[in-house]
Amino acid sequence: MMTAKEMAMRNTPNPTATVYYNSACPVCDAGICAMRERLAADGGVQWVDVHQHPEVLGALGLDLEAVRERLHVADGQGRMQVGADALAATLRRVPRWGWLAAPLRWWGLRRITDLFYNAFARRLYRWNRAQGHW
1 MMTAKEMAMR NTPNPTATVY YNSACPVCDA GICAMRERLA ADGGVQWVDV HQHPEVLGAL
61 GLDLEAVRER LHVADGQGRM QVGADALAAT LRRVPRWGWL AAPLRWWGLR RITDLFYNAF
121 ARRLYRWNRA QGHW
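With the first letter of the sequence shown counted as 1, position 62 gets the number 62 in our numbering; the numbers rise by one all the way through.
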């Protein structure tokens with residue numbers, strides 16, 4: 001039987017990033033699917049669906065509800081980014097979408113981006129719960 005960490009790493013032996021996402025949210029799943037289609041298979045990104053593999057989170061000290069609400073990305077050294085930072089870190093790796101990451105992190109827009117992302121994520125989380133997606 002595989003450990004949670006082995007399960008998270010099974011498709012990409014040496015990932016430069018691990019993206020933790022929730023496929024039960026149709027909006028989140030559509031965004032992740034679009035990024036995965038554009039990212040080369042050898043792009044160094046490990047995609048972990050926490051809806052299918054929630055057991056992975058315990059070993060990482062992550063809360064399932066927190067990951068359901070906001071995107072989480074760990075870099076190759078295990079540093080975790082959450083929310084708009086995680087989205088920017090993922091977009092940077094996607095061919096022809098990488099340019100979208102820079103404005104998200106610009107000094108003048110960063111706070112606005114974070115506020116918008118967090119408000120949208122909160123509303124989306126509540127909507128998904130009301131719809132019975134989990």
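Treat each hint with caution, since some may be false.
[Unchecked claim] So the derived label-pair ranges between C-beta atoms look like this:
#1 Gly108 / Gly132: 35 to 43 angstroms
#2 Phe120 / Trp99: 18 to 26 angstroms
#3 Arg36 / Asp75: 26 to 34 angstroms
#4 His53 / Arg79: 32 to 40 angstroms
In case anyone wonders, no lab produced these hints; they're calculated from the structure.
Since the structure is predicted, the reported quantities are computational estimates derived from the model, not experimental observations.
A virtual CB, placed ideally from N, CA and C, is assigned to each residue, including glycine.
Comparing the hints with the structure gives:
The hinted range of 35 to 43 angstroms is satisfied by Gly108 and Gly132, whose Cβ atoms lie roughly 40 angstroms apart. For Phe120 and Trp99, the hinted distance range of 18 to 26 angstroms is satisfied, since their beta carbons lie about 21 angstroms from each other. Against the hinted window of 26 to 34 angstroms, the Cβ-Cβ separation of Arg36 and Asp75 comes to about 18 angstroms, which falls outside the hint. About 21 angstroms separates the C-beta atoms of His53 and Arg79, a value inconsistent with the hinted range of 32 to 40 angstroms.
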